[in-house]
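Numbering (mature numbering (1 follows the signal peptide of the UniProt record, and there is no 0)), first residue to last: -26 to -1, 1 to 432.
Worth flagging that the hints you see were computed from the coordinates, not collected in a lab. Using N, Cα and C, we set each Cβ at its ideal position, and we do this for glycine too. Heads up, some of the hints might be wrong.
Straight line, CA to CA, 25 Å or less: simulated PhoX-like cross-link-like pairs of lysine-lysine [unchecked claim]: (1) 28 with 336; (2) 85 with 188; (3) 56 with 188; (4) 56 with 70; (5) 82 with 49; (6) 56 with 383; (7) 223 with 404; (8) 183 with 225; (9) 56 with 183; (10) 28 with 78; (11) 49 with 404; (12) 262 with 56; (13) 78 with 262; (14) 56 with 223; (15) 5 with 188; (16) 223 with 262; (17) 336 with 296; (18) 183 with 223; (19) 222 with 296; (20) 5 with 262; (21) 5 with 82; (22) 78 with 183; (23) 5 with 24; (24) 296 with 24; (25) 225 with 404; (26) 5 with 296; (27) 380 with 85.
Estimated spans, in silico, between C-beta atoms of each pair [unchecked claim]: (28) 14 with 68: 46 to 52 Å; (29) 59 with 122: 45 to 51 Å; (30) 294 with 8: 29 to 35 Å; (31) 288 with 369: 33 to 39 Å; (32) 181 with 28: 47 to 53 Å; (33) 81 with 52: 56 to 62 Å; (34) 83 with 295: 52 to 58 Å; (35) 29 with 193: 34 to 40 Å; (36) 8 with 181: 27 to 33 Å; (37) 83 with 287: 23 to 29 Å; (38) 7 with 82: 39 to 45 Å; (39) 287 with 79: 25 to 31 Å; (40) 218 with 59: 21 to 27 Å.
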Amino acid sequence: MKRNLRWAVTAITLAAVLIFTSSAYAAAPDKHQSAVDRISQERIYGHIAKLANKDNARVTGFEGEHKAADYIAEKLKQYGVKVERQYFPIIAYMDKGSEVTVNKPEAKTLKSANFNFTPATPDEGLTGEVVYAGLGAEDDFRDVDVEGKIALIQRGEYTFYDKTQNAAQAGAEGVIIFNNVEGELSGTLGEPTDIPAVSLNQEQGEELKSLLDKGQTVEVTMKADVEMSPSYSQNVIGTIEANKGSSKKAKTIVVGAHYDGVDTPAANDNASGTATLLEVSKALSQEKLRHDVKVIFFGAEEVGLVGSHHYVDNLSDEERAKTAAMINMDMVGVGDTIGVLTGETSTESFVTDMAEDYVQSKGYEYNRGTSTRSDHAPFAEDGIPVAFLNYGPDPNYHTDQDTLDKINKDNLGRMGSIVTTLTHDLANTKELPPKKNKAKKQKFNKQNQHRNPEFKEK
């Protein structure tokens, strides 16, 4: 009996969601138009020009990130949006470069990258014999001698942090982790490890492994130039309150984008999303809404979604129950295809369905998929329906070429209109679908949630 009743409730809920999404635009297609008409792609571009500055990069915990937060807060106040700052401690990490030089059997230099939170090597680097240690599990070190050597480990199965710490416990001096798919590997350890860790792409890693498989001695010098210090980051939270006459049943719609970046101009990742959210905030601040809208500019995304996790983890029971939906923007200025993504494969989201319906109605090129690599993920894990919107692909992801001149202004205008429409419609819907149960936690955690530069992952 309970099973049948549960099925019936599920069916009714699903039907309500289907009706909601299919009629979201047909019922009153013009109600959001006044807000959409306020969107200016030139203004969005102007915000990016202010934020995307290599000389004062928005690296988590450093001055550039703090100045960006000040800029965001000041703009929100100008728009009449109530502003709150949510601070949290972090370890500020600055990546100043990495290098792996093969000394034996044949001298050559490999393109490498530091993992976030890797300790620095001495200025002269670490020189040692390379030993292959599989996937870096504890058992992988039982039959190999890595004492005083450098462990070569393949990506997969275990977090970058666990691989590195397992190598350290086995006596290794350093770790090189190579990708298990094509492309460069960038990632975070989540917290400092006992020994340095750098990455190689798949081709380079397989080349070293092949030499070892042939019985050759491989010696390398690895260098990790980094700066770490205790610091803080913050979420800048703007609240656009519902009409005073709205029902006490008013919910909260969250719209987010991270404003921190890596040590590059970070124009697309993610000054583009930040700037677009500022424009959406301006447009919606002049509207009458049934539900509250929180525009959240997350800090510390680049070091493991720390800001968004902090926000979700610190919601009160009442705030958690009121949060009906979350829309996230990350990298919206480059590429020709819109990503319309949910939080994980097992999570269906009426918000993503709405986004897909609207994007389809405009005839835009898009991909539907899943991702857990940006600030929507903690909300999805908590059972809050999400939509993650981006543009791609971006060949300049996490490089010094992520500059203002690469930004497509039309992308900014389109994404601003899409997010304004979705948020306005959600914030004026009388009855929103109920929140789901918490999603199953992902296999990976904050220690390796950093994204790979493949469009489908971002």
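Could you check the structure against the hints above and give me the numbers of any it violates, in ascending order?
1, 3, 4, 5, 6, 8, 9, 10, 11, 13, 15, 17, 18, 21, 23, 24, 28, 32, 36, 37, 38 and 39
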